[in-house]
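In order, the protein sequences belong to chains F and P. Under my numbering, the first residue of the first sequence is numbered 215, with each subsequent residue one higher. Under my numbering, the first residue of the second sequence is numbered 34, with each subsequent residue one higher.
It is worth saying that the hints were derived from the structure and are not from the lab. Glycine included, C-beta positions come from ideal geometry on N, C-alpha and C. Any given hint could be a false lead.
[Said to hold, decoys possible] Cβ pair distances, simulated, as ranges:
#: 1; chain 1: P; residue 1: H174; chain 2: F; residue 2: Q259; range: 40 to 50 Å
#: 2; chain 1: F; residue 1: Q359; chain 2: P; residue 2: H142; range: 20 to 30 Å
#: 3; chain 1: P; residue 1: E128; chain 2: F; residue 2: H318; range: 21 to 31 Å
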Amino acid sequence: MQSIKFLTKQTISSFYSVKYPQINSLYNTKIKDIYRQKKINRFDQDLWNNWIANLKIDLTVKNIENELLLEESIFEVDIKLVFEKLNLLIRDYEKERALCSALHEISSNSLKNYLYLYPHIENYHSNLNIDSDTGFLNIGFSGKQSELLNALVTDTGEIHYSLVGRSKRIFKITGVTKIRDIEDFKQFKRVIRML
Amino acid sequence: MNNQLNLSSLVDGNVTRYIKPSLFSNNQILISAFDLRDGTPPETYVSFFKVNSLSQLEMLKEGCGYIKKRLRNISKNGCIFLLDISECLEEVNDEKKPLIEFKPENLPHCGLYYLTDDLSKCQEIKTTLAFLASSNYKKVHELI
Numbered sequence: 215m216q217s218i219k220f221l222t223k224q225t226i227s228s229f230y231s232v233k234y235p236q237i238n239s240l241y242n243t244k245i246k247d248i249y250r251q252k253k254i255n256r257f258d259q260d261l262w263n264n265w266i267a268n269l270k271i272d273l274t275v276k277n278i279e280n281e282l283l284l285e286e287s288i289f290e291v292d293i294k295l296v297f298e299k300l301n302l303l304i305r306d307y308e309k310e311r312a313l314c315s316a317l318h319e320i321s322s323n324s325l326k327n328y329l330y331l332y333p334h335i336e337n338y339h340s341n342l343n344i345d346s347d348t349g350f351l352n353i354g355f356s357g358k359q360s361e362l363l364n365a366l367v368t369d370t371g372e373i374h375y376s377l378v379g380r381s382k383r384i385f386k387i388t389g390v391t392k393i394r395d396i397e398d399f400k401q402f403k404r405v406i407r408m409l
Numbered sequence: 034m035n036n037q038l039n040l041s042s043l044v045d046g047n048v049t050r051y052i053k054p055s056l057f058s059n060n061q062i063l064i065s066a067f068d069l070r071d072g073t074p075p076e077t078y079v080s081f082f083k084v085n086s087l088s089q090l091e092m093l094k095e096g097c098g099y100i101k102k103r104l105r106n107i108s109k110n111g112c113i114f115l116l117d118i119s120e121c122l123e124e125v126n127d128e129k130k131p132l133i134e135f136k137p138e139n140l141p142h143c144g145l146y147y148l149t150d151d152l153s154k155c156q157e158i159k160t161t162l163a164f165l166a167s168s169n170y171k172k173v174h175e176l177i
């Protein structure tokens, strides 16, 4: 059992409003194995997006007593890990923000956009941090030749990315992905393929 | 916003910076290491210490010494990384207008200033600096 301490009561109710049997059927062992072998997404896009769309995230609440419990049978380890990572990241950031009020408030829309993106990037090793100037989530990826790709997920559909590596000299590929429909977050994989 | 590097800017030499363990992952310095987040009120620059030792290891040790005097609690699992100022300026300032500069702030303390607030450019600057820093760092416990 895992907990997400930064989510609120509303989040819990929105989570439980999702129909369990539908989700359970998607995550039975056989299907998971097939998905793993083929390296394709294990998420039902519609269910996942629907769940995220209904999430009400209140990151301003300091002491949240209610916890969202994730049943192992419902979510994959990866999913629990992402929430654990987020939970730790947000708690650390809020601790630091309490000491330095100039740090930007975490953007809940950026967080949601990260969650929309998550199923499409879960197969890539990545790290996560919060940009203190904007409050947006930044995802860092490493390539085989030690290239770095950083993607700043904004509160709109824009993702500002920059890839830096070394060939004869240091090279950079920088740009903005503009996503207008949540189903198109999968298009960001085109950027990651540059690694 | 400045269009040219200030006359008082540092253009060569080496600088070191301490980062806490959470800003280091999988042998990479994270770009948050270059966020403006130090101090209350917040500083307008990213803090570094200029070092003058001859070898890279000695420079990292020298930087570690400055940090230990300045900060009460530094984590032994934190990192000290080294940047060559001229390399940073050459690799980052590749546009018509400079994007960063280093300025002395009561040496050996000095600051990295951002000369743009464009999100994409900032993302590129920080990724470039993280890329450079990731090739030259040591854990604090290796330097004490």
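Right, here's what the structure says about each hint:
Range check, H174 of chain P to Q259 of chain F: about 46 Å between beta-carbon atoms, so the 40 to 50 Å window is met. Distance hint check for Q359 of chain F and H142 of chain P: the Cβ-Cβ separation is about 35 Å, which falls outside the suggested range of 20 to 30 Å. Taken as a hint, the range 21 to 31 Å holds for the pair E128 of chain P and H318 of chain F, whose Cβ atoms sit roughly 26 Å apart.
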